[in-house]
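Q: Just so you know, the sequences run in chain order A and B.
Residue 9 in our numbering sits at position 9 of the first sequence, with consecutive numbering throughout.
Residue 19 in our numbering sits at position 19 of the second sequence, with consecutive numbering throughout.
Fair warning: there could be bad hints in the mix.
[To be verified] Cβ pair distances, simulated, as ranges:
| hint | chain 1 | residue 1 | chain 2 | residue 2 | range |
| --- | --- | --- | --- | --- | --- |
| 1 | B | Gly18 | A | Ser21 | 49 to 59 Å |
| 2 | B | Ala80 | A | Arg51 | 27 to 37 Å |
| 3 | A | Thr74 | B | Lys55 | 38 to 48 Å |
| 4 | B | Gln17 | A | Ser34 | 54 to 64 Å |
Hints in this document: simulated from the structure, not taken from any laboratory.
For glycine and all other residues, C-beta sits at the position ideal for the given N, C-alpha and C.
Single-letter residue listing:
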Amino acid sequence: MMSVAQQDRIRQEIVIKAPRSKVWKALTTPAQFSQWFRAKLSATEFRVGDRVNGVSTYPGHEGKAFFLVITEITPETDFAWKWSPGGKSAESEEEEDPFTTVVFELEEVPGGTRVKVTESGFEHIALARRASAFEGNTKGWEIQMKNLHDYAEQNS
Amino acid sequence: MARLAGGEQLSITRLAQGLPITRQAVTKHLHVLEEAGLVSAEKAGREQMWTLETKSLDEAQRCLEIISRQWSDALGRLKAFVEKDNG
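Please take these sequences and the hints and turn them into a complete structure.
A: Take a look at the structure:
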């Protein structure tokens with residue numbers, strides 16, 4: 001059985017056929033980040049400690065607000081932020097949601113750059129909200145979650 | 001959690017048996033899990049009986065799979081973006 005601890009983080013990686021400096025730029029230049037991440041950002045530069053507001057341009061999700069708090073920038077190596085997409089604080093500065101942390105790690109490999117992304121801290125957040133934050137078919141997902149919830153309640 | 005995975009209802013006494021932590025610590029842990037919807041308690045006489053909410057676990061697992069796929073897609077878009085622009 002999978003333990004709660006094991007479910008606390010998600011890790012994904014990919015090898016990109018490009019020099020590390022180029023990948024780093026795509027990752028840490030807001031104008032470039034916006035394009036592949038599919039969001040409009042309030043910043044023209046990422047700096048540690050800054051809160052960067054974002055609006056999703058994800059198809060089916062346009063206009064949804066979120067924000068990042070940049071926590072680490074180690075040139076061409078590590079880029080990290082904390083956030084709470086789908087959380088209440090995306091809409092209001094007064095609300096404080098628990099954060100998850102996203103860390104990108106870059107590493108030179110033969111033929112390109114390996115990018116690892118790790119998101120952790122899921123034990124503190126409402127998972128369904130986080131999962132639906134960038135999900136194209138949010139409505140369908142929310143209905144599914146509600147069905148599942150009702151089913152669980154009826155059968156408990 | 002592993003002790004509850006068999007699907008039976010267990011009391012604190014049974015759950016804490018042989019563990020190097022106190023019953024109070026086990027109870028505290030169970031209440032955290034209860035708040036997360038992962039276990040539930042039912043009164044049976046003077047004791048609370050604890051059950052694993054497998055559906056919540058499945059639900060949590062599915063959410064994590066969705067988030068995982070979102071990251072996989074995002075990395076794919078980053079790769080396409082960087083490689084397209086590489087010429």
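Q: Each hint should be assessed against the structure and marked as holding or not.
A: Comparing the hints with the structure gives:
no. : hint                          : result
1   : B:Gly18 / A:Ser21: 49 to 59 Å : holds (55 Å)
2   : B:Ala80 / A:Arg51: 27 to 37 Å : holds (29 Å)
3   : A:Thr74 / B:Lys55: 38 to 48 Å : holds (42 Å)
4   : B:Gln17 / A:Ser34: 54 to 64 Å : holds (55 Å)
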